[in-house]
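Engineer: From just these sequences and the hints, can you work out the full model?
Position 341 (the first sequence) corresponds to 326 in this note's numbering; numbering is contiguous.
In short, the hints are calculated from the structure, not lab data. One or more hints might be untrue.
[As the list claims (entries may be wrong)] With a cut-off of at most 30 angstroms between alpha-carbon atoms, the simulated DSS-like pairs for lysine-lysine come out as follows:
1. Lys249 to Lys374
2. Lys249 to Lys185
3. Lys299 to Lys99
4. Lys185 to Lys173
5. Lys299 to Lys374
6. Lys139 to Lys165
7. Lys173 to Lys139
8. Lys150 to Lys165
9. Lys299 to Lys139
10. Lys249 to Lys139
11. Lys99 to Lys173
12. Lys347 to Lys374
13. Lys299 to Lys399
14. Lys165 to Lys249
15. Lys150 to Lys81
16. Lys139 to Lys99
17. Lys173 to Lys150
18. Lys374 to Lys397
19. Lys399 to Lys347
20. Lys399 to Lys350
21. Lys185 to Lys165
22. Lys249 to Lys150
23. Lys350 to Lys397
24. Lys173 to Lys249
25. Lys150 to Lys139
26. Lys75 to Lys139
27. Lys150 to Lys185
28. Lys350 to Lys374
Remember, predicted model here, so these are calculated numbers, not experimental data.
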Amino acid sequence: MRPLPGFRDFYPEDCARRGYLLDGWRRVARRYGFVEMDGPVLESMELYAKKNESGAEILGQLYQFTDRGERDVAMRPEMTPTLARMVIAKERAYRKPLKWFSTANFFRYERQQKGRLREFIQFNADLIGDGSTAADAEAICLVIDLLREFGFTKDDFVIRLSDRKAWLDFLGARAVADTKTVLAIIDKIEREPEESLNAKLSPHGLTVAELREFIAAGSPEYFAPLLEQFEARGLRDFVEIDLSIVRGLAYYTGLVFEAFDRGKSMRALAGGGRYDDLLADLSDGTVNLPAIGFGVGDVVLGNLIEETPHAFAKMAAALAASPSAEIYVVIADDSRRREALSLVQALRDAGWRTDFPLDSVKVGKQFQTAEQLGARFAIVVGNEWPIVKAKTLATRAEATLAQDALAGWLAKNKDCQQTDSSS
RNA sequence: GUGGCCGUAGCUCAAUGGUAGAGUCCCAGAUUGUGAUUCUGGUUGUUGCGGGUUCGAGUCCCGUCGGUCACCCCA
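Structural biologist: Structure representation (structure tokens):
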């Protein structure tokens, strides 16, 4: 009995890691003034079919079926269509710009490999109703801080910036008609051999050399105002201009960007861009709002954390700081179990994560359990009741005190530096 | 959807075509109120599944399922 291919079980330790990512994402997004939203996991097929041009590739990856009411439905493969539907329906109820984020699971029927599964979690953020460079910078800086939150530095990742407008102007000056096809070719410029690229480009009157030259030049005039915003925030070192990025989705209209690990050993950590026409297209012109958005996937980010020692250490420390029990009540004399239970309840009422043996167990075993649970304190309840012993497990320091003095003792000791018991 | 590599205990892995093992983990115990180390004992396998070759298959062949990597595409 295994989960389906590309799907994951989340055992407690996996849930803890997932929680670490989700908590970090939420914390940073709220720091930027974004508010959380969500939509249904199951949507009408119509929603994806409507994006006929832009979503054509993704149609082949849908988990699609007919429900018991004969409706043609699909599991969501991304958030943008749902977001667009929701914005179009209630746009007037919200002050602009909308700064919305979500952490949701998505489904794509495709063959799995490193960094790609059939069910994955993605953080999404969209800034809707503001077409300015300031909005672009806000979105990209959010990406940077989302990654910095997990301990990554400018030496670990980089955001590559590009702009489809720069390309469209370039192609326009050369009277290229089929810009969509050419952008798709540019997207592959680093992956395909030069020969086959030239063969594809020649019908459009272009050569790889020309394109490479344009990429190398970098069109600084398109990016100067944006880069100024990064300078002002002290985040300039996190971004690079790279016109070879155009991204696959057809609905992007201007700025596009992707985040990569510096080793460039993995697929993109995050990606997004400006889609100023999508809402108008989907609403037949009734809602016309510029927008910029991006997604960060949990799988690639998780891989990079695993492979980056300082990020991994940061996660391990965060997880260790949240043990399943902070206090373990050791019942040394089972005839005092009743008193121990009252103490356990009092500790729990006070907010402490508290655990204790459900059965009569040897004291040594109880201490071992306490340590394995990651508890900071053990409280020994025995025949001296109402006198108890309070012990800090990491230092093995023990105090003997009346049980009603325990709250004070815990308050005093909880802020003490915790020594690393693993060494 | 196409192709390469891989599939043995919960985990990491052994086993010239000849009786399936080790470590680890987990459980119990080692003078009945203190954690480590150590020691003892114990559980777990239709060798992914199904065929074939052979006196005999974990091992060789075919198929299938699963994993992994690449293509494609993207998070």
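Engineer: Each of the hints needs a verdict: does it hold here or not?
Structural biologist: Hint check:
Distance check on the hinted pair: lysine 249 and lysine 374 sit about 54 angstroms apart at the alpha-carbon level, beyond 30 angstroms; violated. Annotation: proposed proximity of lysine 249 to lysine 185 holds, straight-line Cα distance about 27 angstroms (limit 30 angstroms). With a C-alpha separation of about 23 angstroms, the suggested pairing of lysine 299 with lysine 99 holds against the 30 angstroms cut-off. At most 30 angstroms may separate the alpha-carbon atoms for a hinted pair to count; lysine 185 and lysine 173 meet this at roughly 11 angstroms.
For the given pair, lysine 299 sits about 33 angstroms from lysine 374 by alpha-carbon distance, which is inconsistent with the 30 angstroms threshold. Using a Cα cut-off of 30 angstroms, the hinted pair lysine 139 and lysine 165 is violated, with the two alpha carbons roughly 33 angstroms apart. For the hint pairing lysine 173 with lysine 139, the CA-to-CA distance comes to about 26 angstroms; that is within 30 angstroms, so the pair holds. With a C-alpha separation of about 12 angstroms, the suggested pairing of lysine 150 with lysine 165 holds against the 30 angstroms cut-off.
Between the alpha carbons of lysine 299 and lysine 139 the distance comes to roughly 17 angstroms, so the proposed pair stays at or under 30 angstroms and holds. Between lysine 249 and lysine 139, the direct Cα distance comes to roughly 13 angstroms. Compliance with the 30 angstroms bound is thereby established for this hinted pair. Distance hint between lysine 99 and lysine 173 is fulfilled; the C-alpha atoms sit about 20 angstroms from each other, no more than 30 angstroms. At most 30 angstroms may separate the alpha-carbon atoms for a hinted pair to count; lysine 347 and lysine 374 meet this at roughly 17 angstroms.
Taking the CA atoms of lysine 299 and lysine 399, the gap is about 21 angstroms. The hint holds against a cut of 30 angstroms. For the proposed pair lysine 165 and lysine 249, the alpha carbon gap of about 27 angstroms is at most 30 angstroms, so the pair holds. For a cut-off of 30 angstroms, the pair hint linking lysine 150 to lysine 81 stands: about 25 angstroms separates their Cα positions. Note on lysine 139 and lysine 99: the hinted pairing holds, with a Cα-Cα distance of about 23 angstroms set against a maximum of 30 angstroms.
For a cut-off of 30 angstroms, the pair hint linking lysine 173 to lysine 150 stands: about 18 angstroms separates their Cα positions. The straight-line distance between the Cα atoms of lysine 374 and lysine 397 is roughly 15 angstroms, inside the 30 angstroms bound, and the hint therefore holds. For the suggested pair lysine 399 and lysine 347, the alpha carbons sit about 27 angstroms apart, so the restraint of at most 30 angstroms is met. Distance hint between lysine 399 and lysine 350 is fulfilled; the C-alpha atoms sit about 24 angstroms from each other, no more than 30 angstroms.
Straight-line distance between C-alpha atoms of lysine 185 and lysine 165 comes to about 13 angstroms, which keeps the hinted pair within the 30 angstroms bound. Under the criterion of a C-alpha separation no larger than 30 angstroms, the hint pairing lysine 249 with lysine 150 is consistent with the structure, at around 26 angstroms. Distance hint between lysine 350 and lysine 397 is fulfilled; the C-alpha atoms sit about 27 angstroms from each other, no more than 30 angstroms. With a C-alpha separation of about 16 angstroms, the suggested pair lysine 173 and lysine 249 falls inside the 30 angstroms cut-off, and the hint holds.
Proximity of lysine 150 to lysine 139 is assessed by CA-CA distance (about 27 angstroms); at most 30 angstroms being required, the pair is judged to hold. Under the criterion of a C-alpha separation no larger than 30 angstroms, the hint pairing lysine 75 with lysine 139 is inconsistent with the structure, at around 39 angstroms. Taking the CA atoms of lysine 150 and lysine 185, the gap is near 22 angstroms; set against the 30 angstroms cutoff, the hint holds. Using a Cα cut-off of 30 angstroms, the hinted pair lysine 350 and lysine 374 holds, with the two alpha carbons roughly 17 angstroms apart.
Against the hints set out earlier in the document, violations occur for numbers 1, 5, 6 and 26.
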